[in-house]
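Chemist: Let the sequences and hints guide you as you build the complete structure.
Position one of the sequence shown corresponds to residue 1 (the UniProt record's numbering), numbered consecutively onward.
Source of the hints: derived by calculation from the structure; they are not laboratory data. Honestly, I wouldn't trust all of these hints.
Stated by the list, open to error - Keeping only pairs whose Cα atoms sit at most 27 angstroms apart, straight-line, the calculated BS3-like set for lysine-lysine is:
1) K413 x K476
2) K594 x K698
3) K207 x K668
4) K260 x K281
5) K385 x K476
6) K395 x K416
7) K534 x K481
8) K202 x K268
9) K638 x K554
10) K202 x K395
11) K385 x K452
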Amino acid sequence: MFKTTSSDIKIYFNTICRVPNIFLCFYMFKYTMANKKYILHFYNELENISEFLNDLKLHEAALSKFINKDYKCYQHTIFTNCYKIEIFSENIFPLRFNSKDSDTEINNIYIKDKILNHNEFIHFKYFIRQFPALKENLSLVNLLRFIRIFDVFEFENDKESKLIIEQMIEILLLSIAYNISFKGVSKVSEEVGINFSVSFLKRFFYKILEIFLFNREFLNTIKLKNEIDTNICDVNLKGIFDLNDFLWFDTELFREISKKARISIEFKNLLTYFFHYFSIKKVVFSGIHEYTNDYLSVCLLLLPSINEICLVSCSDITFLKFLNKYEVFKSIKTLAIINSRVDICSSDFSKLIILFDTIIFLNSNFFKSISINENIFSMTEIITKFSNEISNNNKRSSFFHLRNNTKYEINTKDYKFSYLYSPTSFKNLDIKVKKDSVRIYYSVNIEYDLIKFYLVILNFEEIIYFDIYIENISIKRLIFKELNIKNKIKNIYIFNSKITESFLNDVLFFPNCIGISFEMCYFEFDNLDFHFKKNLSIIYLKIDKKCEINYFEKILEFIDVLDNLESLNLNYNDLHLLCINLYGNSKFSWKKIKRFELYEISNDENILPNFSFFPNIQELVIGKNYQDGMISHIFSYKNMENIHNLEIDSYAIGLKDRAALKNLRNLKNLRLEYCDFENIAFSDLFDIKDEYFIENLKLSEIILEKRDIIFISELKDLKSLKLNFLFFKNFSYLTLKMKCFKHPTKLELEINIYWSLKNKLCYFMEEFGPKYLNLK
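Modeler: Laid out in structure tokens, this is it:
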């Protein structure tokens, strides 16, 4: 059987595969990256297998150009709902069918659920053969179709593929600008009818700004976000509003684009073409605090094709009133206002609100000329439901005093209630809106003595989700009968409490709970014959180092029933010892774990966890070990090469750890804090002759030598560098200059340094300048 190596590229299809798509892969990689071997994995349901095999026979002659006829097709022995094809040759592309439920191998290329049509495939086949001469043939339509085909593929780690795509984007952009100059916008537009992915359009927009407007230094300040941090709205956006598909504009970008559009008709035409004919449908306007004509001029370019607008952290949205005069809202269906301040009683807002099919207010502060108390919505119904549930648990004798184990009666009448954001109802306002078109999200707290509920509420009536906080109590059961409450539990945090097996089993019946955290808790298991039920929702579990457990195997049994657990934080010494004895036991499965956290682990190599039992681990957090050689021991396991995120805290690092991280070529994020380096430098942990792809690096309280600075500067993919309270040996900071870095314009640099050293950094600051350096 063909054996894969670390240099092989694996390609995963999540579509119903067609044979032309196989050819597509063969052609693309044959003419672009022919020096590598590729393994293709196709995920198909049983009813599609016969169709695919028939298709395979019809195209067997063409397929034989890439693979020989010595291949076997048979049904999986493990996954009965799929077939498996294996081809025994090292010079061809082996095909293998896997089940959707099989373990996903971590590697480079993923193919999205887009199927190319026949014409697209023919054009690809034709142009890929002419790839070396493609720059000389700038036919706009053919070039768009070619890049549309490249856009079908998502390249994760393959640098050559990413480079090709970036080159094609630049060629496309120059070609469009060239055609617009000679043909005009309208004529060129007639030739376009191809849809592109959002990620491609964001990269394309960056390129427009880079070539026609800004230098790279300015681009470093622009935030076109692919993922929105949940902190931006103080609540988890999932299930409420997804901003991943939006193009992001802030105030500064508004102004610069507006200035350029007023003086350059070419740039204005290019933007018009981009937004009108590349199907830009969603935009975010961020940080607007005062109205200027800049907003108006840019919006008139953007909005005719937009159907969703999101305002984030805005204190002035009056520019929407002026836009309404130009009737640009006809195509816009949804308006979202997030973390903003809105006068909902103004006549301007009243006129605007009726123009949209859906309006979403998420954690926004409403103000108005009349008293806010007049229209505050009563939360009585929701509070009553929670009070009833707590009362029912009281009746079941669920809660007990920690000290004397006597029954604890929670007073449901004595509760505390607070809005995290001041809500206002639309019910009594003179605003005519469509039924159910206004959605307002608020965060509230309900506190019953030792139990707290943090809720996200929709329209002051519907619970979206809530978290539970329990402290200083012995809890034996926690049962919710009301489905609207039971199904909305998201996270459970328990502090300084006594836990039983019955309570743990109750938690497993919360169908949408995703995380549980125990800190300073005592686990008391009385019934050793008790068996936990399977759970599919929990993905995160934390058991803090100060917890006490009377029977460790029951905890491991609890972990084992969490079938979709991805992140495990076991900051507890004795639990590690027991885990070590049970890792090899088939009774427990650790393959599902992707993130593992360990603190205060032993100095003895013999009682360290066997990381080979975590084959799919991608993130590791380790801390507080005071014997050198431990880092080298941990990363001696082959599967540790898959680590993407690594955090090391308070470790003793010495000569035994030299080159301990040399094989972490998939590492993207590295945080190294408060480690004691003895006779070894930071860069000595790696192989300085090798290439690494670290994107985010944070170093705290260590000494940097000159070779460390050189190593850091050669990280080509480095985007964020944070240096906290470092010491620079032999004035090595003088070598940390802009010209040392391979891609300085992509770098976000932040330095926190002791005041005594600040007077030595004048030269350093001159090299980086204020746009790159955030000196604290």
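Chemist: Now look at each hint and say whether the structure bears it out.
Modeler: We went through each hint and held it up to the structure:
1. K413 x K476: Holds. K413 to K476 sits at ~22 angstroms (cutoff 27 angstroms).
2. K594 x K698: Distance of about 22 angstroms is within 27 angstroms: holds.
3. K207 x K668: holds (24 angstroms)
4. K260 x K281: Distance of about 23 angstroms is within 27 angstroms: holds.
5. K385 x K476: Distance ~21 angstroms between K385 and K476 Cα, so the pair holds.
6. K395 x K416: holds (22 angstroms)
7. K534 x K481: Between K534 and K481 the Cα gap is close to 20 angstroms, so the pair holds against 27 angstroms.
8. K202 x K268: holds (18 angstroms)
9. K638 x K554: Roughly 30 angstroms between the alpha carbons, so the hint for K638 and K554 is violated.
10. K202 x K395: Given that 27 angstroms is the threshold and the Cα spacing comes to 57 angstroms, the pair is violated.
11. K385 x K452: holds (14 angstroms)
Going through the hint list in order, the structure does not satisfy hints 9, 10.
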